[in-house]
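Chains as they are written, first to last, in the numbering used here: chain A, 1 to 411; chain B, 1 to 75.
A couple of the hints might just be wrong.
What the hints assert, rightly or not - Stretch by stretch, here's where chain A covers chain B in the computed footprint (C-beta under 8 Å, at least three residues): (1) 6 to 20; (2) 23 to 33; (3) 63 to 71.
To be verified - Reference listing, derived: stretches of chain A covered by chain B, where coverage requires no fewer than 3 residues with Cβ under 8 Å from a Cβ of chain B: (4) 214 to 225; (5) 341 to 354.
Claimed, not checked - In silico negatives: residues of chain B with every beta carbon more than 12 Å from chain A: (6) Ser45; (7) Leu48; (8) Thr51.
The set of hints was computed from the structure by calculation and includes no laboratory data.
Each residue gets a CB set at the ideal place from its N, CA and C atoms; glycine is no exception.
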Amino acid sequence: MENFSLILAIVVVTALAFDFTNGFHDTANAMATTISTGALKPKVAVAMSATLNLVGAFLSVEVANTISKGLVDETGIRPEVIFAALVGAILWNLLTWLVGLPSSSSHALMGGLIGATIASAGTGAVHGDALVTKVLLPAIAAPLVAGLAAMFATRFSYSISKNADGEATRKGYRAGQIASAGLVSLAHGTNDAQKTMGIITLALIAGGVIAPDSNPPTWVILSAGLAIALGTYIGGWRIIRTMGKGLTDLQPQQGFAAQTSAATAILASSHLGFSLSTTHVVSGSVMGAGLGRKGGAVRWSTATRMVVAWALTLPAAALVAALAESVTDLGDWGTAVVAVLLVAASVAIWRISRREVVDHSNVNDVEQPTGVVTAAIAAVTPPPAGTVTEELTATIPAPAPAPASDSAPAV
Amino acid sequence: MKIDWAAIGSVFGVSLVATVALVAVFTLGVAGLSRRERAAAQGNSAALAVTGAYVCFAACAAAVAYGIYLIMAKA
């Protein structure tokens with residue numbers, strides 16, 4: 001760790017910032033149904049999920065070791081490319097959080113890597129096959145698998161015990177939901193915290209700090225685990241609201257079926273070597289559980305918005321990353337410009353979010369702030385790069401620290 | 001392009017079967033406990049239902065343990 005160059009330090013900090021956004025973006029996956037059905041108090045739920053994410057981060061380094069392999073050519077990848085990829089991923093995560101839409105953090109990261117690699121090494125460096133088999137197919141399969149499982153499970157569960165009321169029933173489903181949500185959190189920690197570890201390790205290898213084929217150093221594991229846990233604890237309340245209340249109305253019995261289906265699908269897929277995005281799985285299972293109950297309904301408008309966000313995730317993150325990469329290519333000052341832009345855009349997004357605060361106190365309120373959502377969607381639809389520059393001019397004097405750089409001291 | 005249909009299929013099958021089975025078993029367990037609740041309210045006992053419920057919950061706990069084992073054994 002002697003010759004730790006500035007760019008490497010920036011990459012590490014940015015990777016941890018991404019990890020942080022990953023955490024609060026994905027709190028909803030584990031805890032949205034638990035919170036919306038009242039199985040756990042919001043604050044307790046996020047604390048539990050954060051702890052399990054942290055524990056999960058230490059369980060194995062296998063995912064970290066395989067990260068990014070296969071999708072792009074790792075040879076000759078420079079720290080700047082990784083930095084640009086992270087910029088794209090972070091901005092997309094923040095934008096989707098602002099509009100309260102669950103989207104896959106892994107897709108954002110992969111999109112960022114693809115975009116930055118194309119800008120740096122041309123389209124030849126991206127494996128189209130891998131794109132289809134690792135990104136597109138799972139994105140379609142995940143909600144279907146989890147959704148169907150949750151739907152049948154819900155239907156079956158209701159046919160076994162029709163009117164579920166009484167103290168024992170309430171307690172039972174509460175415990176069941178907590179257990180399955182815990183499993184999802186744990187699995188999320190092992191998968192997603194390790195993606196960041198993998199990225200940081202990749203950057204360290206690219207920067208020549210550690211030897212190729214090394215395992216992630218301990219400080220990387222520790223800081224990545226802490227960043228994702230902190231993000232989880234802060235809680236992406238906007239996304240939790242969409243997932244827990246916006247898609248459908250869940251009763252405890254359905255919440256349990258949804259969460260169990262999600263946990264099973266995530267574990268089965270990662271064990272059988274066909275990785276599914278946690279976000280897609282959980283969204284699918286929530287909708288499935290909604291359809292499984294008689295009289296249950298899915299709000300298709302919300303679902304449609306969500307699917308649009310999924311489709312945009314990869315190209316949008318790729319586009320931003322490609323732009324960022326072409327700017328960092330201009331030299332060290334270019335990298336600095338991108339860093340400043342990232343901080344400015346993050347501050348801007350955070351400021352916009354303060355206009356309509358969603359937190360643990362109002363996360364279960366059903367009314368949707370449609371004004372904000374439609375306005376923000378409108379801002380998302382054109383290439384996000386345009387909004388970034390506009391935001392820059394608007395907010396560059398802002399002295400406030402960016403939320404995205406909260407994890408900086410962890411270096 | 002090589003699409004691994006076998007992997008997709010097995011993920012599909014395993015998820016579906018495991019989820020439905022788990023939820024069903026758990027629902028039975030909960031139903032057993034609520035039968036005890038009702039029985040207790042009438043002054044009866046429901047030993048069989050309660051035993052069944054605990055067997056169901058034990059099966060679910062085993063499934064959770066297996067899940068944790070899968071998460072840890074990824075190395």
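The hints, checked one at a time:
| no. | hint | in the structure |
| --- | --- | --- |
| 1 | 6 to 20 | holds (count 11) |
| 2 | 23 to 33 | holds (count 9) |
| 3 | 63 to 71 | holds (count 5) |
| 4 | 214 to 225 | violated (count 0) |
| 5 | 341 to 354 | violated (count 0) |
| 6 | Ser45 | holds (15 Å) |
| 7 | Leu48 | holds (16 Å) |
| 8 | Thr51 | holds (15 Å) |
Figure legend: structure checked against the earlier numbered hints; hints not met, in rising order: 4 and 5.
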